[in-house]
Amino acid sequence: DTAVSQTPKYLVTQMGNDKSIKCEQNLGHDTMYWYKQDSKKFLKIMFSYNNKELIINETVPNRFSPKSPDKAHLNLHINSLELGDSAVYFCASSQDLTQYFGPGTRLTVL
Amino acid sequence: GQQVMQIPQYQHVQEGEDFTTYCNSSTTLSNIQWYKQRPGGHPVFLIQLVKSGEVKKQKRLTFQFGEAKKNSSLHITATQTTDVGTYFCAGRQGGKLIFGQGTELSVKP
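So the sequence lines, in the order shown, correspond to chains A and B.
For the first sequence, our numbering assigns the number 110 to the last residue and increments by one with no breaks.
For the second sequence, our numbering assigns the number 219 to the last residue and increments by one with no breaks.
The set of hints was computed from the structure by calculation and includes no laboratory data.
Treat the hints loosely; a few may be bogus.
[Claimed, not checked] Computed cross-link-like contacts, BS3-like style, restricted to lysine-lysine with a CA-CA straight-line distance of at most 25 Å:
(1) A/Lys52 / A/Lys9
(2) B/Lys206 / A/Lys52
(3) B/Lys146 / A/Lys36
(4) A/Lys40 / B/Lys146
(5) B/Lys218 / A/Lys44
(6) A/Lys44 / A/Lys19
(7) A/Lys71 / B/Lys206
(8) B/Lys166 / A/Lys40
(9) A/Lys22 / B/Lys180
(10) A/Lys9 / B/Lys218
(11) A/Lys9 / A/Lys19
(12) A/Lys9 / A/Lys71
(13) B/Lys206 / B/Lys180
(14) B/Lys146 / B/Lys166
(15) A/Lys44 / A/Lys22
(16) A/Lys44 / B/Lys180
(17) A/Lys41 / B/Lys180
(18) A/Lys67 / B/Lys206
(19) B/Lys161 / A/Lys41
(20) A/Lys41 / B/Lys146
(21) B/Lys180 / B/Lys166
(22) B/Lys206 / A/Lys44
(23) A/Lys40 / B/Lys206
(24) A/Lys67 / B/Lys166
(25) A/Lys36 / B/Lys206
(26) B/Lys206 / A/Lys22
[What the hints assert, rightly or not] On the chain A side, residues computed to face chain B include the following (Cβ under 10 Å):
(27) Lys44
(28) Gln99
(29) Tyr100
Model, not experiment: these values are computed from the prediction.
For every residue, glycine included, the Cβ atom is placed at its ideal position computed from N, Cα and C.
Make a model of the complete structure from these sequences and hints.
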């Protein structure tokens, strides 16, 4: 009965690799988000989708590509991973801007 | 663009002491939300304030929204070890939330 789920929970990979993180919500929300939380705990929005449509695209390298196959899923694909991509990535969903966060994916790039 | 500043960045208290974190925005906010993130966890919504001067309480937590709707505070009375975590405020800018930098609270038993 998890509301917002993400996989994997941990991801350790080498520089230059491509990886994906998956997110699913069963709350029936229309809007989903990806956030990046750095080592200083700063939470920064990356993308937002409303009913499968991209509505927010912050200044994020185009190595990051979100994909929303339906309104319950929002995946994040990252190409050519760099050391600076190491962070915790949170998926979230909302209906009225109140954010329901997933458990996070800790990405470590070696 | 809108900035949301939060202070202090860290606060270490003895169990039983009070704790306050402050949030200031460069622009007027339509509303402000507060979240708590436990160590190793994810942010969890605590509350939303909408009205100028609004004060809301949740047990030992008191949330205030400034008269000008540009600042907010969260006060915890008599902290407990279960209060440990990072507290974030978030202000609305258009269709997204802008998060403050967070205040990390540690409580010494």
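How the hints compare with the structure:
A distance of roughly 24 Å separates the Cα atoms of A/Lys52 and A/Lys9; the hinted pair therefore holds under the 25 Å criterion. With a CA separation close to 16 Å, the supplied pair B/Lys206 and A/Lys52 stays within the 25 Å bound. Note on B/Lys146 and A/Lys36: the hinted pairing holds, with a Cα-Cα distance of about 16 Å set against a maximum of 25 Å. About 15 Å separates the Cα atoms of A/Lys40 and B/Lys146, which keeps this hinted pair within 25 Å; it holds.
Of the supplied pair hints, the one linking B/Lys218 and A/Lys44 is violated, its CA atoms being roughly 30 Å apart against a limit of 25 Å. A C-alpha spacing of about 20 Å is found between A/Lys44 and A/Lys19, which places the hinted pair at or below 25 Å, so the restraint holds. The suggested pairing of A/Lys71 with B/Lys206 holds, with an alpha-carbon distance near 18 Å, which does not exceed 25 Å. Straight-line distance between C-alpha atoms of B/Lys166 and A/Lys40 comes to about 29 Å, which puts the hinted pair past the 25 Å bound.
The suggested pairing of A/Lys22 with B/Lys180 is violated, with an alpha-carbon distance near 36 Å, which exceeds 25 Å. Restraint check: the Cα-Cα separation between A/Lys9 and B/Lys218 comes to about 30 Å, which exceeds 25 Å; the hinted pair is violated. Only pairs whose Cα atoms come within 25 Å are accepted, and A/Lys9 paired with A/Lys19 is accepted, the gap being roughly 13 Å. Taking the CA atoms of A/Lys9 and A/Lys71, the gap is about 22 Å. The hint holds against a cut of 25 Å.
Between B/Lys206 and B/Lys180 the CA atoms are separated by roughly 17 Å; this keeps the pair inside 25 Å, and the hint holds. For the suggested pair B/Lys146 and B/Lys166, the alpha carbons sit about 16 Å apart, so the restraint of at most 25 Å is met. For a cut-off of 25 Å, the pair hint linking A/Lys44 to A/Lys22 stands: about 18 Å separates their Cα positions. Of the supplied pair hints, the one linking A/Lys44 and B/Lys180 holds, its CA atoms being roughly 20 Å apart against a limit of 25 Å.
With a C-alpha separation of about 23 Å, the suggested pairing of A/Lys41 with B/Lys180 holds against the 25 Å cut-off. Between A/Lys67 and B/Lys206, the direct Cα distance comes to roughly 19 Å. Compliance with the 25 Å bound is thereby established for this hinted pair. With a C-alpha separation of about 28 Å, the suggested pair B/Lys161 and A/Lys41 falls outside the 25 Å cut-off, and the hint is violated. A distance of roughly 12 Å separates the Cα atoms of A/Lys41 and B/Lys146; the hinted pair therefore holds under the 25 Å criterion.
Taking the CA atoms of B/Lys180 and B/Lys166, the gap is about 17 Å. The hint holds against a cut of 25 Å. Between B/Lys206 and A/Lys44 the alpha-carbon distance is near 11 Å, which keeps this suggested pair within the 25 Å criterion. For the hint linking A/Lys40 to B/Lys206, the alpha-carbon distance of about 21 Å falls within 25 Å, and the restraint holds. Proposed proximity of A/Lys67 and B/Lys166 is contradicted: the alpha carbons are some 39 Å apart, above 25 Å.
For the given pair, A/Lys36 sits about 14 Å from B/Lys206 by alpha-carbon distance, which is consistent with the 25 Å threshold. For a cut-off of 25 Å, the pair hint linking B/Lys206 to A/Lys22 stands: about 21 Å separates their Cα positions. Among the interface hints, the one on A/Lys44 holds; its C-beta lies about 8 Å from the nearest C-beta in chain B, closer than the 10 Å criterion. Given hint, A/Gln99 at the interface with chain B, holds; its Cβ is 6 Å from that chain's nearest Cβ, closer than 10 Å.
Residue-level restraint check for A/Tyr100 holds (minimum Cβ-Cβ distance to chain B is 7 Å; threshold 10 Å).
Consistency note: the structure conflicts with the earlier hints numbered 5, 8, 9, 10, 19 and 24.
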